[in-house]
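Number of protein chains: 2
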Amino acid sequence: MEFSSKLLEKAVNEMAQLPGIGKRTALRLVLHLLKQPKEQTQLLATALLQLREDIRFCSRCHNISDEEICDICSNTSREQAVVCVVEDIRDVMALENTGLYKGLYHVLGGKISPIDGVGPGQLNITSLVEKVKSGQVKEIIFALSSTMEGDTTNFYIYKQIKDNSVIISAIARGIAIGDELEYADEITLGRSILHRIPFENAIKNS
Amino acid sequence: MEFSSKLLEKAVNEMAQLPGIGKRTALRLVLHLLKQPKEQTQLLATALLQLREDIRFCSRCHNISDEEICDICSNTSREQAVVCVVEDIRDVMALENTGLYKGLYHVLGGKISPIDGVGPGQLNITSLVEKVKSGQVKEIIFALSSTMEGDTTNFYIYKQIKDNSVIISAIARGIAIGDELEYADEITLGRSILHRIPFENAIKNS
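Line by line, the protein sequences are chains A and B. To convert, note that position 151 of the first sequence is 150 in numbering that gives the first Met the number 0; the numbers rise steadily by one, no gaps. To convert, note that position 143 of the second sequence is 142 in numbering that gives the first Met the number 0; the numbers rise steadily by one, no gaps.
Certain hints may be false.
Heads up, the list lumps identical chains together, so a pair's fine if it works in one copy or across two of them.
[What the hints assert, rightly or not] 20 Å max Cα-Cα, derived EDC-like pairs, lysine to aspartate or glutamate:
| id | residue 1 | residue 2 |
| --- | --- | --- |
| 1 | K5 | D65 |
| 2 | K161 | E138 |
| 3 | K22 | D90 |
| 4 | K37 | D65 |
Just so you know, these hints were derived from the structure itself, not from any lab.
Just need the whole structure built from these sequences, with the hints factored in.
Right, here's the structure in full:
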């Protein structure tokens with residue numbers, strides 16, 4: 000791409016660093032900003048800079064938070080001894096949206112992935128293991144995505160906490176509500192028949 | 000969407016103002032920036048701010064440019080009396096990529112579109128009409144997209160310049176190279192048979 004302006008080229012190149020944004024899309028976004036009032040660009044730039052500069056993580060669960068302790072961890076009406084292990088803040092938001100989970104979270108900040116160069120040391124695993132060893136935790140729920148990386152991470156943590164008196168569970172895998180059985184993949188269908196639950200339980204929350 | 004941090008919420012909301020970026024995508028982009036070194040966010044923010052602050056437009060063709068007169072307008076080896084009328088810088092870049100056009104451009108900055116609240120006054124039309132009236136221009140080529148807005152804009156300009164001694168042309172519409180005739184829409188196919196060209200001309204640039 001040949002640009003008539005170095006300023007434009009620089010802005011497009013920086014925008015195109017974002018995941019899923021190619022050069023054409025970046026150009027479209029930058030040209031859009033040029034057509035809007037200056038304030039919009041200033042607000043965007045300031046919001047990004049402030050976030051990156053002042054970002055804080057809850058010292059207990061490592062979720063993004065503006066306070067030392069996040070709203071969820073400091074909510075005493077939640078079950079303090081149940082901890083759900085998730086990858087990032089999006090999973091916390093998704094689980095919170097269900098309105099059905101009343102325990103706390105532990106945000107790992109990623110999954111163990113040798114291909115992407117992410118080892119256990121870069122994740123918030125040590126603090127989770129310490130939390131369990133301190134005896135404060137009654138149940139750990141693994142809620143990582145069911146990929147090879149997710150399974151590896153689960154197992155890595157499992158090995159370090161299994162000798163403590165803690166219940167270790169994982170979220171249920173199965174056919175999604177509303178899905179047709181015939182279109183489900185074999186592994187999911189297989190798991191959902193193996194891990195079947197009493198019918199009374201199944202109709203409880205529907 | 001419920002956010003655990005006001006800073007995060009603000010950044011996501013600003014990012015989601017961009018066209019084609021929803022809240023989910025915005026969150027993904029912002030979380031990506033959080034995982035990258037601080038410098039990346041700073042470079043992006045600075046590039047956007049600088050562009051918006053220092054942006055200049057060529058005083059002749061209104062294309063984005065870092066100089067008073069852009070590279071194309073100041074290139075004396077180009078045909079100074081042929082002016083191609085386009086909507087924005089992307090069209091200039093696309094035409095320049097062909098390597099076949101050696102004249103100058105005139106960037107309107109949009110199309111007349113009452114629905115989007117864009118009237119002729121917001122576009123660079125007056126300077127184009129003056130350019131023609133001054134007698135410097137031998138040929139005007141309309142290269143706006145063939146939508147109702149494009150046609151309206153073409154016609155609006157045409158009415159103001161038609162009484163001058165200037166050739167007024169429009170880029171050829173027809174079946175794209177490589178396209179099958181049977182899948183072409185009727186209007187395009189109709190135009191391409193009406194506006195047929197001598198075969199010798201057709202094979203000249205292939």
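Earlier hints that do not hold, by number:
Per hint list: zero violations.
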